[in-house]
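Trainee: Let's have the full structure, built from the sequences with the hints guiding it.
Line order of the protein sequences matches chains A and B. Be aware that the first sequence starts at 27, since it is given in our numbering, and climbs by one per residue. Be aware that the second sequence starts at 27, since it is given in our numbering, and climbs by one per residue.
In short, the hints are calculated from the structure, not lab data. Check the hints yourself; a few may be wrong.
Derived pair list, reagent style DSSO-like, types lysine-lysine, alpha-carbon separation capped at 30 Å [as the list claims (entries may be wrong)]:
id	chain 1	residue 1	chain 2	residue 2
1	B	Lys176	A	Lys137
2	A	Lys142	B	Lys136
3	B	Lys65	A	Lys148
4	A	Lys65	B	Lys142
5	B	Lys68	A	Lys170
6	B	Lys142	A	Lys137
7	B	Lys130	A	Lys142
8	B	Lys148	A	Lys136
9	A	Lys65	B	Lys148
10	B	Lys142	A	Lys136
11	A	Lys142	B	Lys65
12	A	Lys137	B	Lys137
13	A	Lys142	B	Lys137
14	B	Lys170	A	Lys65
15	A	Lys65	B	Lys68
16	B	Lys68	A	Lys142
17	B	Lys68	B	Lys142
18	B	Lys68	A	Lys68
19	A	Lys142	B	Lys142
20	B	Lys130	A	Lys137
21	A	Lys170	B	Lys65
2 protein chains.
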Amino acid sequence: MKIKKITIAIIISTMILACNQNKSTMKETTQELTTIFPKGEKGSSDLFTGNAYPTALVDADSIYNTLVGNVYFEPGARSHWHSHPAGQILIITDGIGYHQIEGKPIEIIKKGDVVKCPPNVKHWHGASADVGLQQLYIIPNTEKGIVQWKEAVTEEQYVINNSNHKCPKRFKRTNRCPCLLV
Amino acid sequence: MKIKKITIAIIISTMILACNQNKSTMKETTQELTTIFPKGEKGSSDLFTGNAYPTALVDADSIYNTLVGNVYFEPGARSHWHSHPAGQILIITDGIGYHQIEGKPIEIIKKGDVVKCPPNVKHWHGASADVGLQQLYIIPNTEKGIVQWKEAVTEEQYVINNSNHKCPKRFKRTNRCPCLLV
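Mentor: The structure is reproduced here in C-alpha cells:
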C-alpha cells in the first residue's frame with residue numbers, strides 16, 4: 027500500500043510539473059517582440075551602436091517620393107545622430123525605445139506610438155537598455171534628400187536607464203518613465 | 027481498493043484535462059491577430075462592406091505631405107472601390123487579405139507584404155473571407171489630394187473564396203492561393 031501511495035504521489039507531482047512547464051513556456055513566448063518583417067543584416071557600426079537590423083521595405087522613386095523600412099533594435103542598440111532634409115515619421119510596432127531631438131529630453135517610445143521628427147532636425151532613436159524595439163520609418167518627399175548621418179550617441183547621452191537615474195517629474199506624472207516600464 | 031483506484035483515475039483524468047486546456051488556450055491566443063493600434067470606430071457602410079475599423083495615425087500637413095493610418099478588417103470586410111490622386115502604399119502587419127487593381131486579378135496580401143497602388147488607379151483592399159487583416163496605409167504627396175471613393179465591391183467581385191473557386195496556375199506555382207493559405 028505504501029509503495030502504491032508513493033507511486034501515485036510521483037505521478038501527480040510529475041503532472042503538476044508538466045502543467046507548470048506549459049505555463050512557463052507560454053509566458054516566455056508572450057514576452058518576445060512580434061516580428062512582422064525579415065530581420066535582415068546587422069546595420070553598419072558607422073551608423074548604429076549595438077545590434078540594429080535595418081530592412082528596406084519601399085525604395086524611393088519619383089512616383090511616391092517615399093522611403094519605408096523597418097529597424098529591429100536589440101536592447102541597448104541605437105542609431106547615430108542624424109537628420110532628414112524632409113523629416114521622418116516613426117511608427118513603433120513593438121517593444122520600448124527612446125527618441126531624442128537634439129537639445130530636448132529623451133522621449134520614451136513604445137508599441138503603437140507615432141513620432142514625427144521635423145526636416146533638418148538632428149535626432150537619434152533606438153531601443154531601451156532592457157527591452158528591444160521594432161520600428162517602421164517613413165521618409166516623405168525624398169526628392170529633397172534622405173538622410174545626413176552624424177556622430178554616435180555616447181553612453182553619457184544614452185543615460186536614461188543608468189542605475190543612478192531618477193525619474194524626472196514629467197515621467198512621474200504620466201507613469202511613462204522607463205524605470206516603471208521596463 | 028476499487029474505490030481508491032477509481033479516485034486515482036479521476037484525479038489523473040482531471041489533471042490531463044487541465045493540461046490540455048492550457049495547450050488549447052495557448053493555441054487560440056496565437057491564432058488571434060496582433061493588435062498594435064487602437065481598434066477605433068466601425069467605418070461607414072458608405073465606404074466599407076462588413077466590419078472595418080479605420081484609425082488615423084498621422085494627419086496630412088504641409089510639412090510631411092503624408093497621411094498614415096491603420097485599418098482592421100474583420101473576415102469578409104473590404105473597402106469600396108477607390109483611387110488616390112498620388113497613389114497609396116499598404117503595409118500588412120497581420121492576417122490575410124486581398125488587394126485588387128481594376129482589370130487585374132485579385133492579389134493575396136498577408137503579414138509582412140508591401141503593396142503599391144499607383145496614382146489615380148481604381149482599387150479595393152480588405153480581409154479574406156476566413157481570416158481578418160491588419161493593414162497600415164500610407165498616402166504620400168497629399169497636396170495632390172487624398173482619396174476618391176467609388177462603388178462597393180460586389181459579392182461577385184469578391185469571389186476568390188467562393189466554394190467553386192479553382193486555384194489559378196499563378197497561385198499553384200507559388201503556393202499563395204487562398205485555398206492553401208486560409
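Trainee: Does each hint fit the structure? Answer for all of them.
Mentor: Status of each hint after checking the structure:
1. Lys176/B with Lys137/A: Not OK: Lys176/B and Lys137/A at ~34 Å, beyond 30 Å, violated.
2. Lys142/A with Lys136/B: Roughly 27 Å separates the two Cα atoms, so the pair holds.
3. Lys65/B with Lys148/A: Violated: Lys65/B and Lys148/A sit about 33 Å apart, past 30 Å.
4. Lys65/A with Lys142/B: Measuring from Cα to Cα gives roughly 22 Å; hence the hint holds.
5. Lys68/B with Lys170/A: 38 Å, violated
6. Lys142/B with Lys137/A: 25 Å, holds
7. Lys130/B with Lys142/A: This hinted pair is violated, its Cα atoms lying about 36 Å apart.
8. Lys148/B with Lys136/A: The given pair, whose Cα atoms are some 35 Å apart, is violated under the 30 Å limit.
9. Lys65/A with Lys148/B: At roughly 33 Å apart (the allowed maximum being 30 Å), Lys148/B and Lys65/A break the hint.
10. Lys142/B with Lys136/A: 27 Å, holds
11. Lys142/A with Lys65/B: 22 Å, holds
12. Lys137/A with Lys137/B: 17 Å, holds
13. Lys142/A with Lys137/B: Holds, at roughly 25 Å.
14. Lys170/B with Lys65/A: 35 Å, violated
15. Lys65/A with Lys68/B: Status violated; Cα separation ~33 Å.
16. Lys68/B with Lys142/A: 27 Å, holds
17. Lys68/B with Lys142/B: 25 Å, holds
18. Lys68/B with Lys68/A: Distance ~40 Å between Lys68/B and Lys68/A Cα, so the pair is violated.
19. Lys142/A with Lys142/B: 23 Å, holds
20. Lys130/B with Lys137/A: Violated, at roughly 36 Å.
21. Lys170/A with Lys65/B: 35 Å, violated
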